[in-house]
Amino acid sequence: MSCGCLVLQEVEDGEEAKSKTRAASSSSCSSCSGRRRCRSESMFPMYAMGNWRPNSISRTILDSAGDSIWDSVRAETKSEAEREPILSSFLYASVLSHDCLERALGFVLANRLQNPTLLATQLMDIFADVMMKDRGIQHAIRLDAQAFKDRDPACASYSWALLYLKGYHSLQSYRIAHALWNQGRKVLALALQSRISEVFAVDIHPAARIGEGILLDHGTGLVIGETAVVGNWVSLMQGVTLGGTGKQTGDRHPKIGQGALIGAGATILGNIVVGVGAMIASGSLVLKDVPPHSMAVGNPARIVGYLEDEDPSLTMKHDVRKDYFEHVAASSTERRANGALYHEKES
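Residue numbering for the sequence shown follows the UniProt record's numbering, starting at 1 and increasing by one per position.
Calculated directly from the structure, the hints in this document are not laboratory data. Don't take each hint at face value.
Restraint-style ranges between C-beta atoms, simulated for each label pair [what the hints assert, rightly or not]:
| # | residue 1 | residue 2 | range |
| --- | --- | --- | --- |
| 1 | Asp319 | Leu87 | 34 to 42 Å |
| 2 | Val187 | Asp319 | 42 to 50 Å |
| 3 | Gln122 | Lys78 | 26 to 34 Å |
| 4 | Tyr92 | Asn271 | 44 to 52 Å |
| 5 | Gly184 | Ala156 | 35 to 43 Å |
Cut-off 25 Å, straight-line C-alpha distance, at most; resulting in silico cross-link-like pairs (DSS-like, lysine-lysine) [said to hold, decoys possible]:
| # | residue 1 | residue 2 |
| --- | --- | --- |
| 6 | Lys166 | Lys247 |
| 7 | Lys133 | Lys186 |
| 8 | Lys255 | Lys317 |
| 9 | Lys78 | Lys166 |
| 10 | Lys166 | Lys317 |
Glycine included, each C-beta is placed from N, C-alpha and C at the ideal position.
Modelling step: build the complete structure from the supplied sequences, incorporating the hints.
Below is the structure:
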């Protein structure tokens, strides 16, 4: 008999990857735990319980017992409607009149992206058809919502991401355009890309591949090219460019490893790899591969340090270990004392 527990599946990187599943240690089922907890607390236990490990992909699978993200969105929206009666009609139309997160999201996106020739009713039908049939998108929109709530201090609830944050809106609109592109409906996907760029100031080619658990913080000015790949759990700040370097065709855009943090205004060009758990400092120009768990800074960017074990996309810390800088300073002082001119080699 199902108790409503959530299941985590962790898949290690590498050719000899092995998968394993385990029951989440907390759920809403009283037979599984000595005390009851809100389902939203156990929705993504890799955050709350510290089960996240670098170089792994963690995926949470909802069983048929319920949808805690959607339950939280509805509860939050009801509370907001009581506090702000002037928004009650908006909140009812956007959330409370719908029976699932997919349809509510479709309504919100359709009304943001509509224009005189792309009617909201037409877009809602298209969006609902895509999301209700695509299990991958259903996972991604929930993991993205969790990422926004966990990593963006300005996002106090799941409903705020759904209703007000254009980084979340542009990301989910891209996911629909990507699905259409893969279905062969490329013209419609490109039309959506154009509207997403016009409305949200975010330009993501529908052929780009983006993982789940993604944070687009603010989003304004973000550009992601056609052959770019962004791994799971990546955080990208505003003004980031993942672009090409010329007129060549083929695979020409960056590949961002999972858990990476890309700072505001960073530009990463060409078919290069930013390693797992790496960090690109704000305003940097990256033209070469960046090793895993390292920090690249400057124009052109160079490696200035290595990060702690935790991935920066989750901590959102834009710095490196203090002891690294102390080591560099001590080394430089010693070399100057010996009369040697020291030039650090780029990695």
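Taking the hints in turn, this is what the structure says about them:
1. Asp319 <-> Leu87: 34 to 42 Å: 39 Å, holds
2. Val187 <-> Asp319: 42 to 50 Å: 45 Å, holds
3. Gln122 <-> Lys78: 26 to 34 Å: 30 Å, holds
4. Tyr92 <-> Asn271: 44 to 52 Å: 48 Å, holds
5. Gly184 <-> Ala156: 35 to 43 Å: Between Gly184 and Ala156, where Cβ atoms are some 40 Å apart, the hint holds.
6. Lys166 <-> Lys247: It is violated: about 31 Å lies between the C-alpha atoms, which goes past 25 Å.
7. Lys133 <-> Lys186: It holds: about 18 Å lies between the C-alpha atoms, which stays within 25 Å.
8. Lys255 <-> Lys317: 21 Å, holds
9. Lys78 <-> Lys166: 22 Å, holds
10. Lys166 <-> Lys317: 23 Å, holds
Of the numbered hints given earlier, the model fails hint 6 alone.
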